[in-house]
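Quick note, the sequences are listed as chains H and F, same order.
So the first sequence is numbered by the numbering used here: it starts at 1 and just counts up by one.
So the second sequence is numbered by the numbering used here: it starts at 186 and just counts up by one.
Hints were generated in silico from the structure; no laboratory data involved.
From a predicted model like this one, the values you see are computed outputs, not experimental measurements.
Every residue, glycine too, gets a C-beta built ideally from N, C-alpha and C.
Errors might be hidden in some of the hints.
[To be verified] Quick partial rundown of chain F residues pointing at chain H, CB under 8 Å, derived from the structure:
hint, residue
1, Asn243
2, Pro244
3, Val338
4, Phe353
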Amino acid sequence: MSDGADGSAGDDDSERETNDGQRFDRLPATAAERTVEGRATREDVVEYFADRFAIPPETFDDYTFWEKGAGKIWIYAGEAPTPIEIEAIGMTCLRTRQEHWKPTTDFAQRFGRAATECVIDLEREEARRFVAGEDQEIERWDGDWGYLIAAHEIAGERESLGVGLYVHGELRSMVPKGRQRDLEV
Amino acid sequence: MEPLERYRSIVDDFDAFLAACERPLGNAVRVNTIKASVERTLAALEEEGVGYEQADWNPRVLDLETDSPGSTWTSFHGFTHGQEEVSAVPPVVLDPEPGERVWDCCAAPGGKATQLAALMDDRGTVVANDNNLGRISALRFNAERLGATSLAVTNADARNYSLERFSFDEFDRTLVDAPCSCEGTIRKNPDALDNWSEGHISSVAGIQKGIIRRAIQATREGGAVVYSTCTFAPEENEAVVQHALDEEDCRVVDFDIGLEHAPGLTAWDGEEFDSSLEHAARIYPHQNDTGGFFVAKLEVTAE
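Make a model of the complete structure from these sequences and hints.
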């Protein structure tokens, strides 16, 4: 735990808490309401999805965001008090306690349809390799580097496959082992 | 198949029943409408060259012509989820509405819990509980793959479940898909009857009675509780519902499903049950070429 270990907890911020990995805490709406150092706010999360992927902020109007574990953010549509100690709440959507925030494969599949930027369209064979967890050279991408939503066309519409990391002309599949599949083209 | 002999007197066309129990099942999947419509899912399967047959009673239930329904593009995208045809019945009978509070008290591995979320358009709260931590990881995996954002997952014994952790104190509807002796899964799992004994039935029935009572207590007046098992034993089915009628404020109600079935029993082995148990459904493998199931629907009444 590096949070709060830098000696910044002086007398004037006695209310500052650290993240408790055992429970779900609802994200504060804005930085002014933040009581846990380093915790993302709802505003930050919604802005990130809008800035990076152009997902309209109103997409999330009926959802709440929660943190459990260091920087693991969950998206939830149901009712719950904060804090709450249960096994899971909605689905994991984002990792925030690292330099570059990283959306989850499952979030990309569920909400990626609303994205219009940083989406890389794959041909069927490329999609097959991506789903199998393979990294591949793809030279045609001239957008930002970093985390992209990989998509392909299925039944006449674009559909998100998951999250890839694009650097140095290579698309690295971020599909977790348990979600990887060997599919036929 | 020897244990099934005890049902010879209650099953119509018992030989056809036994013959069906010896045949393997097809590969059924449920369309997950949280991720894609039935129409789009069928189009995706056609594009992939995977044949399918839609169930007459429910357009969201498909029998796929493939030996590995998990290795399809529709499965990867979470458009489809492997779930036995009869296993899709209890959530349909519970009939939840978007925005409601629903409890699936024995939820792992999550096929029915995610089906409940889909029937609610993923709006509202589905509390998916299971007492087995190992099975909860499978439940969580399926919930995320299927994109269910309205599920809250808890790990507790349903018999003394506390709602104190939530901001509400009762559910609108509850599904009790109880742990059971699983006789009805023999077509999927040929070992299902290996550890069968009357002692096992009697001990599991005790647990079932505890769970159904707590389910009724945790559901609001006028709310619905569906009790289901994948077994034929009346001790685990009608007798458990009878216990709920004796101990809690509830009544058995009628429901329609478009699957052939037999009525619930009103007597077994010298014991009499309330005549309303005829409204329960016994689904036998030879009737619709499925696994076996028991489903009863209760309405919670005033004290």
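Hints, verified against the model:
1. Asn243: Check failed: Cβ of Asn243 (chain F) comes no nearer than 21 Å to chain H, outside 8 Å.
2. Pro244: It is violated, given that the least Cβ distance between Pro244 (chain F) and chain H is near 16 Å, above 8 Å.
3. Val338: Holds. Min distance 4 Å.
4. Phe353: Holds: closest Cβ of chain H sits about 6 Å from Phe353 (chain F), inside 8 Å.
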